[in-house]
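Engineer: One line per chain: the protein sequences are A and B, in this order. Letter by letter, the first sequence follows residues 1 to 276 in my numbering. Letter by letter, the second sequence follows residues 1 to 197 in my numbering.
Fair warning: there could be bad hints in the mix.
[Stated by the list, open to error] Using 20 angstroms as the maximum straight-line C-alpha spacing, the simulated PhoX-like pairs for lysine-lysine come out as follows: (1) K53(B) - K27(B); (2) K75(A) - K53(B); (3) K53(A) - K28(B); (4) K75(A) - K66(B); (5) K178(B) - K24(A); (6) K53(A) - K66(B); (7) K178(B) - K66(B); (8) K154(A) - K53(A); (9) K8(A) - K24(A); (10) K66(B) - K131(B); (11) K131(B) - K155(B); (12) K131(B) - K53(A); (13) K8(A) - K53(B); (14) K66(B) - K8(A); (15) K131(B) - K8(A); (16) K75(A) - K178(B).
Please keep in mind that the hints were generated in silico from the structure rather than gathered at the bench.
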Amino acid sequence: MINCRTSKDRMIEALYGELGPSEKERFDEHMRSCQECASEYSVLGATLRLMDKRERPDPGPEFWDGYWDRLSRRKVWEEAGEAPRTSIGARLVRALSGIPRWSYQAAGAAALLLVGILIGSRLITPPAPVSTATRGAVESGAVMQAGNFIERSKILLLGLVNYDSATEDAYAFDLGRKKTMSRELAAEAPAIRSALNERGQKRLRDLVSDLELIMMQIANLGSGQDVEGVEFIKQGVDRRGIFFKIDLDRMGRDARSSVDPASPAGGTKLPKKNKI
Amino acid sequence: MDERSLIEGMARGDRAAFQEFVEQYKKKVYYLALDMAGNPVDAEDISQEVFLKVFRSFATFRKDAKLGSWLYRVTYNASIDHLRRKKFVPEPVGDDVLESRSQEDAGLPPRGAMDPALAAESSLLQARISKALENVSPQEKAVFLLRHYDDLMLKDIASSLGLSIGSVKSYLFRAVRKLQKELGGSPLISGVEASHD
Numbered sequence: 001m002i003n004c005r006t007s008k009d010r011m012i013e014a015l016y017g018e019l020g021p022s023e024k025e026r027f028d029e030h031m032r033s034c035q036e037c038a039s040e041y042s043v044l045g046a047t048l049r050l051m052d053k054r055e056r057p058d059p060g061p062e063f064w065d066g067y068w069d070r071l072s073r074r075k076v077w078e079e080a081g082e083a084p085r086t087s088i089g090a091r092l093v094r095a096l097s098g099i100p101r102w103s104y105q106a107a108g109a110a111a112l113l114l115v116g117i118l119i120g121s122r123l124i125t126p127p128a129p130v131s132t133a134t135r136g137a138v139e140s141g142a143v144m145q146a147g148n149f150i151e152r153s154k155i156l157l158l159g160l161v162n163y164d165s166a167t168e169d170a171y172a173f174d175l176g177r178k179k180t181m182s183r184e185l186a187a188e189a190p191a192i193r194s195a196l197n198e199r200g201q202k203r204l205r206d207l208v209s210d211l212e213l214i215m216m217q218i219a220n221l222g223s224g225q226d227v228e229g230v231e232f233i234k235q236g237v238d239r240r241g242i243f244f245k246i247d248l249d250r251m252g253r254d255a256r257s258s259v260d261p262a263s264p265a266g267g268t269k270l271p272k273k274n275k276i
Numbered sequence: 001m002d003e004r005s006l007i008e009g010m011a012r013g014d015r016a017a018f019q020e021f022v023e024q025y026k027k028k029v030y031y032l033a034l035d036m037a038g039n040p041v042d043a044e045d046i047s048q049e050v051f052l053k054v055f056r057s058f059a060t061f062r063k064d065a066k067l068g069s070w071l072y073r074v075t076y077n078a079s080i081d082h083l084r085r086k087k088f089v090p091e092p093v094g095d096d097v098l099e100s101r102s103q104e105d106a107g108l109p110p111r112g113a114m115d116p117a118l119a120a121e122s123s124l125l126q127a128r129i130s131k132a133l134e135n136v137s138p139q140e141k142a143v144f145l146l147r148h149y150d151d152l153m154l155k156d157i158a159s160s161l162g163l164s165i166g167s168v169k170s171y172l173f174r175a176v177r178k179l180q181k182e183l184g185g186s187p188l189i190s191g192v193e194a195s196h197d
């Protein structure tokens, strides 16, 4: 027969079935004879049964399927001595998933305000004359690459925002293909952002960041048609004034290419037909 | 690929073996990091750090040791380092927060998957459990998580975390007692308590 102290020492092992047969027999014998220990044992057991009901949020198959790729990218970055450990877009997407709806509305209002300031600054401050050297830097390969990225993202987004689940054929919409393309675009974005950063292209880089975030949201949409998710993304595109920013960027590049006809800025034409 | 082949492959620096290793253990590492750090962004960051560290320092792994135990230890240490870097101070969650927590916040199935009353009750329970776990120290929490959710024997936890079995039992007992106190108002536990009054 064991005493109360020994029984308490063995409670955890008893609860998890780690007592040997003879120890378990002595433990049970004590439980039958000591109501205080039996009560404590019973309450601890109930606590563990309650903890069995705990649920851990599954990040979903997209997360697990892409885990190795993200890890490999980070390994490459670390070996190259670069900073971006987890992409800002990815962190934002995952961080945003736990934020209440009102904060999106507040962020939307702030974004509108920022867009207002941006328009104001463009209207009030005339653009500084662009020197040949600056133009050369601006219209560099990185900017061309960004332009191409932006146009491809725009085409994809146009297909998404113009889709009406009530009237259009879900098969023709083909969300699966859009998710694949979004994933590819999102994967391209970090390198473009990094190149733009080096060239001080803050506005363009921010637009690429915005698009990267949206591409990741599309890539992470649920299976099936995920009408709710698509609606959420449409609202985000609207709130952030994405098309307006894309048009501003396009106008800026067109203006620069008219100053310098040799500039490659005019080279990124919007395809005539949306084939997505 | 069995554990022995995996270890040999990784020792040779074989990329396929490393990928296989990541695929086998990514969920365990991620969930332990998630439970320790408390949010999915940090959990992925920590889990990636763990795998990269394993990749870089595999030469220090004793070939006769258990790969899983070593990995748990690296994950635990990375999580503790992360909490230290963030100067983690558990913030008590007020009842108003618990009341307002949505079903999605608690990581429950999508709306419509269960009866609304049951869903609300389940959501509240998840919030209470999360709050209870926040009030357990990192060491106690790690021991509890490994025993309760990863089903590691006490001796394996001791080996993983570099503790004595006595310490593991002590941490685990304290963790369960703290959880019981935090969850004391739950009908399931208070029902048991009442039945012994």
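Engineer: Is K75(A) close enough to K178(B), meaning Cα to Cα at most 20 angstroms?
Structural biologist: 40 angstroms, violated
Engineer: Check whether the Cα positions of K66(B) and K131(B) lie no farther apart than 20 angstroms.
Structural biologist: 33 angstroms, violated
Engineer: Please verify whether K66(B) and K8(A) have alpha carbons no more than 20 angstroms apart.
Structural biologist: 31 angstroms, violated
Engineer: Check the hint pairing K178(B) with K66(B) against an upper bound of 20 angstroms on the C-alpha distance.
Structural biologist: Between K178(B) and K66(B) the Cα gap is close to 31 angstroms, so the pair fails against 20 angstroms, i.e. violated.
Engineer: For a C-alpha distance cap of 20 angstroms, please report whether K131(B) and K155(B) respect it.
Structural biologist: Outside the cut-off at roughly 28 angstroms; violated.
Engineer: Given the hinted pair K53(A) and K28(B), is their alpha-carbon gap at most 20 angstroms?
Structural biologist: 18 angstroms, holds
Engineer: Regarding the pair K131(B) and K8(A), is the alpha-carbon distance no greater than 20 angstroms?
Structural biologist: 26 angstroms, violated
Engineer: Has the given pair, K178(B) with K24(A), been kept, meaning a C-alpha gap of at most 20 angstroms?
Structural biologist: Violated, at about 25 angstroms.
Engineer: Check whether the Cα positions of K154(A) and K53(A) lie no farther apart than 20 angstroms.
Structural biologist: Violated. K154(A) to K53(A) sits at ~45 angstroms, over the 20 angstroms cutoff.
Engineer: Hey, K8(A) versus K24(A), does the alpha-carbon distance stay inside 20 angstroms?
Structural biologist: 13 angstroms, holds
Engineer: Quickly compare the C-alpha distance for K53(A) and K66(B) to 20 angstroms and report which way the hint goes.
Structural biologist: 30 angstroms, violated
Engineer: Can you confirm whether the C-alpha distance between K75(A) and K53(B) stays at or below 20 angstroms?
Structural biologist: Within the cut-off at roughly 10 angstroms; holds.
The structure does not agree with the numbered hints 4, 5, 6, 7, 8, 10, 11, 13, 14, 15, 16 stated previously, though it agrees with the rest.
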